[in-house]
Amino acid sequence: MTTPRQKATRPRDRKQQIVAAASEMFRASGYHNVGMADIAEAVGISGPALYRHFRGKQDLLHATLVDAIDTTTEAFRSGYSDLPTMLGAVAAVILEKRHAGVLWERELTHMPPEQRQELRIRYVAGIEPLRAVIAKTRPELPADTVDLLLRAVLASFTAMGPYSGKVATPRTVELMTDVGLALCRAEAPVLRETSGGDRPPVSRGLLLPVSRREAVLAGATRLFAERGYDAVGMEDIATAAAGMAGPSLYHHFAGKSAILVAALTRCLEAMLFDLSAALDLAETHGQALDAALRSFVRLNLEHGDAMSALLSEIVYLSPEERQPVRRMQHDFVAEWTALVTGHRPDLSAAEAELIVHATINVVNGLRHTTGVWMRPAYREELILLGRTVLGLPAQPGQGA
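Here our numbering is used: the first residue of the sequence shown is 356, the next is one more, and so on.
Certain hints may be false.
Stated by the list, open to error - Below, simulated SDA-like cross-link-like pairs (lysine to any residue); rule was C-alpha separation at most 20 Å, straight line:
no.	residue 1	residue 2
1	LYS452	LEU463
2	LYS452	GLU529
3	LYS611	HIS387
Stated by the list, open to error - Now the in silico label distances, taken between C-beta atoms and shown as ranges:
no.	residue 1	residue 2	range
4	ASP629	HIS454	39 to 45 Å
5	LEU636	ASP585	37 to 43 Å
6	ALA586	THR724	38 to 44 Å
7	PRO564	ASP414	37 to 43 Å
8	ASP585	ALA375	22 to 28 Å
9	ASP585	ARG475	18 to 24 Å
Read the hints as simulated data drawn from the structure, not as lab findings.
Each residue gets a CB set at the ideal place from its N, CA and C atoms; glycine is no exception.
Model the full structure from these sequences, guided by the hints.
As structure tokens, then:
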């Protein structure tokens with residue numbers, strides 16, 4: 356007698372399996388480097404089966420971003436009313452979902468404007484409980500400054516998670532909580548100022564370099580930051596570089612990736628060059644850290660397009676192109692890490708590296724935050740918050 360063949364059943368959590376696989380693949384390889392077929396294969400289903408759950412890749416990206424928001428903000432809804440306890444709970448969840456922030460920061464730009472706005476509203480609603488606790492703790496601060504501190508805390512937490520592998524989890528949570536508390540308690544007259552509302556953002560100059568190669572680099576860097584690397588073509592770059600013909604670009608660069616490598620290398624060389632000056636002129640580790648931070652803030656505000664590409668677009672380079680850029684990044688972080696351990700001998704090298712990543716992301720992240728450019732003292736505020744994360748006194752000369 357033949358045994359009847361049982362009908363295969365779909366796992367009840369299949370959709371969540373797809374979202375988890377897509378989240379990891381988008382994070383590791385970049386949205387444009389991942390196809391629906393790759394995701395289907397990773398989950399172990401057919402392409403048509405995948406499309407039964409999601410209309411397309413952008414629909415799936417939307418689902419991964421919603422999941423990133425909801426899972427990382429669950430601790431905000433914990434009901435904690437005191438700041439240290441809530442920060443510890445938030446730190447633990449963000450550490451557990453350590454790569455969600457990378458996905459959010461890098462891939463949100465691939466969503467249509469209306470969905471980007473919807474996701475931002477969802478995110479703001481999710482983090483509201485922490486904002487309320489900070490406001491309760493610092494009643495003397497205006498609402499926009501409370502928002503600034505909130506964003507600084509989240510930027511520091513997002514950066515520390517992915518680099519925490521060398522530090523035990525309880526210690527990482529402790530460090531994150533300490534950094535968060537220090538930021539929320541940052542005290543300086545500049546933080547009591549209101550936004551000044553109608554101050555216009557810094558305008559972009561209209562001049563391009565005379566050198567065609569430099570004009571290409573300047574135009575491409577701006578386009579990569581505005582649209583994303585994959586959405587920019589060589590013809591777009593040629594037009595941005597004072598109306599050059601597309602084929603003439605190849606007299607200067609072998610291809611689009613070579614332009615990105617050159618832009619990132621230029622950025623890192625400038626950062627390392629300024630850092631060497633800080634080391635030459637400083638007498639203490641604290642003085643060098645302060646000088647390095649001020650240099651980093653200046654470069655970030657003046658050349659933020661390159662900084663944006665450095666953070667988000669490097670994933671689209673080949674491993675061979677990426678390696679020397681990553682090496683320079685590592686060298687830059689290593690120099691800062693040595694300064695932090697020199698200034699704070701209570702920290703191990705791995706712990707100091709977490710502090711460095713937190714500092715860098717506070718500056719980078721706040722530069723992109725709506726409203727920061729409108730604040731009268733935004734440069735000084737970025738320096739103050741960076742000093743706070745590094746463990747430097749609020750003002751230079753106070754034991755630095």
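We went through each hint and held it up to the structure:
no.	hint	in the structure
1	LYS452 - LEU463	holds, 17 Å
2	LYS452 - GLU529	holds, 17 Å
3	LYS611 - HIS387	holds, 15 Å
4	ASP629 - HIS454: 39 to 45 Å	violated, 30 Å
5	LEU636 - ASP585: 37 to 43 Å	holds, 41 Å
6	ALA586 - THR724: 38 to 44 Å	violated, 23 Å
7	PRO564 - ASP414: 37 to 43 Å	holds, 42 Å
8	ASP585 - ALA375: 22 to 28 Å	holds, 23 Å
9	ASP585 - ARG475: 18 to 24 Å	holds, 22 Å
When each numbered hint is compared with the structure, violations occur for hints 4 and 6.
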